[in-house]
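Chains as they are written, first to last, in my numbering: chain A, 9 to 122; chain B, 147 to 294.
Careful, some of the hints might be misleading.
When the alpha-carbon atoms are kept at most 30 angstroms apart in a straight line, the in silico DSSO-like pairs for lysine-lysine are as follows [to be verified]:
hint, chain 1, residue 1, chain 2, residue 2
1, B, Lys249, A, Lys12
2, B, Lys176, A, Lys49
3, B, Lys176, A, Lys94
4, A, Lys111, A, Lys12
5, B, Lys249, A, Lys53
6, A, Lys93, B, Lys176
7, A, Lys93, A, Lys103
8, B, Lys237, A, Lys94
9, A, Lys12, A, Lys94
10, A, Lys53, A, Lys93
11, A, Lys53, A, Lys111
12, B, Lys249, A, Lys93
13, B, Lys249, A, Lys94
14, A, Lys103, B, Lys249
15, B, Lys249, A, Lys122
16, B, Lys249, A, Lys111
17, B, Lys150, A, Lys103
18, A, Lys53, A, Lys122
Incomplete in silico selection of chain B near chain A, CB under 8 angstroms [claimed, not checked]:
hint, residue
19, Leu160
20, Gln250
21, Ser260
Hints are computed from structural coordinates only; laboratory data are not their basis.
Please read these numbers as outputs of a predicted model, since none were measured by experiment.
For each residue, glycine too, the CB sits at the ideal point set by N, CA and C.
Spelled out, the chains give:
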Amino acid sequence: MSMKSMTRQVNGITIVDLSGRITLGEGSVLLRDMVRDLVTKGQRKILLNLGDVTYIDSSGIGELVSAFTTVRNQGGELKLLNLTKKVHDLLQITKLYTVFDVKDDEATAVAAFK
Amino acid sequence: MTAKRVSYTLDSSLHSVNTAEETAQLLAAKAGFDEDNCLRISMAVREAAVNAVLHGNAYDPGKKMTVAFENTGRALVITVTDEGRGLDVSKVPDPTTPENLLKQSGRGIFLMRSFMDEVRIRLLAPGTEVTMIKNVSGSDTHLKEASK
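Produce the entire structure from the sequences given, and follow the hints as far as they go.
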């Protein structure tokens with residue numbers, strides 16, 4: 009299943025619900041284009057909901073890192089929500105878990121934005 | 147497991163990467179690995195295949211990727227070979243060091259080594275051969291890596 013995304017606004021935070029696979033090719037390109045589009049439109053507070061992401065490879069991890077730095081370089085914040093065990097383990101292995109601000113609850117995540 | 151070897155010669159495309167990953171998942175399950183290890187093996191194969199197609203063969207339609215699976219009875223041995231200019235593994239930086247942590251790429255070989263019991267990378271002329279071994283009673287090496 010290729011990646012799909014749906015964007016919504018909650019209290020000024022842009023929440024992106026992602027599902028499917030974030031892998032080299034379609035998934036990682038969609039994620040890159042979507043984050044760049046949000047930043048171009050002035051969105052600086054972005055919460056990526058990965059609850060329905062079934063698979064992510066090193067290219068997908070790279071796109072998450074790129075999204076994080078793109079938003080941060082614009083003075084914004086990007087947080088992650090609802091990691092599956094697979095994605096959680098990948099971020100642990102790659103030592104990126106402490107780089108990202110990871111939340112398990114949407115309300116808590118939304119409140120955590122400055 | 148009973149000894150058996152199968153080999154696939156594939157085009158340098160993303161479709162081939164997906165084929166290699168799906169075949170690895172299938173053969174790992176047939177070899178008796180549990181669900182978690184099947185996922186680790188298929189992810190390692192995907193990363194090796196991406197390196198072969200993207201960095202090795204550079205999507206050159208004239209170059210092929212070969213993926214071989216050998217069930218030795220004690221381990222699943224997977225070899226991914228490309229026809230590219232060759233990968234000097236000594237020049238691949240550790241993606242977990244602070245200066246590399248926020249780089250977009252460079253985690254493929256690290257993930258292979260995290261998920262498999264043994265990874266050997268050999269320069270060919272031309273090309274690169276990546277051999278990955280997962281023992282039937284393989285320990286959770288990814289957890290060892292994570293705790294380093």
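Query raised in the report: Does the structure break any of the earlier hints, and which numbers would those be?
Result: Violated hints: 2, 17; rest satisfied.
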